[in-house]
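Q: Spelled out, the chains give:
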Amino acid sequence: MTELLLGMFVALLGLGGGLAVGSGMVALLVVFDLIPRLAQLANAYQKSVWFESALVAGSVYWSLADFLDWSLRLPLHALPLAGMGLLDGIFIGMLAAALTEVMNVLPILAKRLQLGTFIQALVMSMVLGKVLGSLFDWLVYQW
Amino acid sequence: MEAVGSSTLYLRLRKRITIRPGEAVTLGQAARLLLHTPLAQTLGKLELYRHRPEDGNRYVIDILHIIQTIREAYPELTIEPYGDPQVLVMISPKPRKPRKVVLIFAWLLLFFGAGLAIMNFHADVSMKEVHQRISELVTGKRQEHPLWFQIPYSLGIGLGMVLFFNHLFRKRLNDEPNPLELEMYMYQENVNTYVIAEEMGKKQRIEKQQRQADD
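Heads up: the sequence lines are chains F and G, in that order. In my numbering, each number is its position in the first sequence, counted from 1, plus 6. In my numbering, each number is its position in the second sequence, counted from 1, plus 259.
None of these hints come from the bench; they were simulated from the model. Some hints here could point you the wrong way.
As the list claims (entries may be wrong) - Okay, derived cross-link-like pairs now, SDA-like style, lysine to any residue, Cα gap no bigger than 20 Å in a straight line: (1) K359/G / A127/F; (2) K274/G / P340/G; (3) K53/F / V450/G; (4) K53/F / V361/G.
As the list claims (entries may be wrong) - Taking beta-carbon pairs under 8 Å as the criterion, some of the chain G residues facing chain F (in silico): (5) L336; (6) R358; (7) A373; (8) G374; (9) M378; (10) S394; (11) F408.
Stated by the list, open to error - Chain G regions said to be covered by chain F (calculated; three or more residues, Cβ under 8 Å): (12) 398 to 406; (13) 445 to 456.
Treat the numbers as computed from the prediction; the structure is a model and nothing was measured. Don't be surprised by glycine CBs; every beta carbon is placed ideally from N, CA and C.
Go ahead and model the full structure; you've got the sequences and the hints to work with.
A: Structure (structure tokens):
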């Protein structure tokens with residue numbers, strides 16, 4: 007009896023913790039304007055259900071998979087892995103770009119240094135820096 | 260008291276309209292009209308602008324241009340404009356439909372991306388150890404997999420997100436828009452404002468060049 011009550015109490019704790027983490031996660035993503043940008047690319051401003059379901063399904067599935075050691079055991083493991091790596095990379099890239107955008111890093115830098123005409127070059131330097139930095143990180147630093 | 264031979268045209272410009280290449284924009288398309296004479300029908304068909312290939316795929320019709328066009332055709336009308344001072348004309352060959360392939364790509368991107376982000380967060384704050392510790396503190400036994408905690412926790416993440424998006428109780432509790440829709444609307448409005456400002460600037464530059472060429 008106490009076993010069951012304890013279990014339910016723990017479950018309540020877990021649910022509460024999850025609620026806090028989940029709403030924090032979406033609040034962060036919404037602030038970054040990442041989804042409106044994707045909606046613009048897909049010409050789908052009216053289809054917010056798609057974007058919401060992807061976020062919710064992804065978060066729930068992957069945290070369950072993480073805790074319970076669910077393995078998909080996909081065949082040709084290099085191929086799906088590369089696809090997922092690319093998708094995850096794009097996501098993090100968008101997140102990083104959105105973060106600098108929210109912080110107004112580039113406009114301020116361009117204005118202070120009077121480099122407004124070179125903003126394209128500044129963006130490219132950041133992109134190249136991130137790509138090379140990531141490659142260096144995995145291939146050399148954390149090898 | 261109504262003045263003889265004169266009447267007032269009230270018009271409210273629309274925010275943005277879409278036409279096909281080569282088509283014309285009439286007053287009735289660009290604005291909603293209120294006029295208490297039979298003139299309203301013909302006035303609605305007044306042509307404001309015809310698309311030329313060199314204009315590209317967007318164009319801004321200014322209220323001043325509209326007033327001038329109406330004045331030339333009907334000098335006796337008094338014009339009272341309301342709403343935005345310009346209308347944005349988007350020119351596209353076919354009606355803008357959602358792009359399914361990009362939409363599916365975006366879905367996958369967000370699905371895997373959200374998974375990566377949440378696992379990143381868990382690894383960052385040693386969430387697994389914390390879960391084991393909480394379950395030990397509550398039950399007194401250390402478990403490698405405190406399922407009673409972890410499964411509700413994971414479902415809670417989903418529930419929290421759905422609550423944030425205001426979908427679950429929208430029909431019952433309130434009909435406020437969800438934050439994502441609001442953010443999308445703001446984004447679209449910002450894009451519109453920027454496009455209008457840019458097009459107006461372009462038009463002014465062209466006019467200036469023409470004036471210099473005339474001198």
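Q: Hold the hint about A373/G up to the distance rule: shortest CB distance to chain F must be less than 8 Å.
A: At 3 Å from the nearest chain F Cβ, A373/G passes the 8 Å test, so the hint holds.
Q: A closest beta-carbon separation below 8 Å is what the hint needs, so does G374/G meet it against chain F?
A: Holds - the Cβ of G374/G comes within 8 Å of chain F, reaching about 3 Å at its closest.
Q: Classify the hint on F408/G as holds or violated, based on whether any CB of chain F lies nearer than 8 Å to its CB.
A: For F408/G, the interface hint holds, since the closest Cβ of chain F sits about 4 Å away, which is under 8 Å.
Q: Next item in the hint list is R358/G. Is there a CB on chain F closer than 8 Å to its CB?
A: Holds, because the Cβ-Cβ distance from R358/G to chain F comes to roughly 5 Å (cut-off 8 Å).
Q: Take the shortest C-beta to C-beta distance between L336/G and chain F; is it under 8 Å?
A: It is violated, given that the least Cβ distance between L336/G and chain F is near 37 Å, above 8 Å.
Q: Are at least 3 residues of the region 445 to 456 of chain G within less than 8 Å of chain F when you compare beta carbons?
A: holds (count 4)
Q: So, M378/G near chain F? Judge it on the closest CB pair being under 8 Å.
A: Holds. Min distance 5 Å.
Q: Is K53/F within 20 Å of V361/G, Cα to Cα?
A: 12 Å, holds
Q: Tell me if the straight-line CA distance from K359/G to A127/F falls inside 20 Å.
A: Between K359/G and A127/F the Cα gap is close to 33 Å, so the pair fails against 20 Å, i.e. violated.
Q: Straight-line Cα separation of K53/F and V450/G no greater than 20 Å?
A: 18 Å, holds
Q: Return the status of the interface hint for S394/G: holds when the least beta-carbon distance to chain F is below 8 Å, violated otherwise.
A: 6 Å, holds
Q: If you draw a straight line from the CA of K274/G to the CA of P340/G, is it 20 Å or shorter?
A: 13 Å, holds
Comparing the model with each numbered hint stated earlier shows that hints 1 and 5 do not hold.
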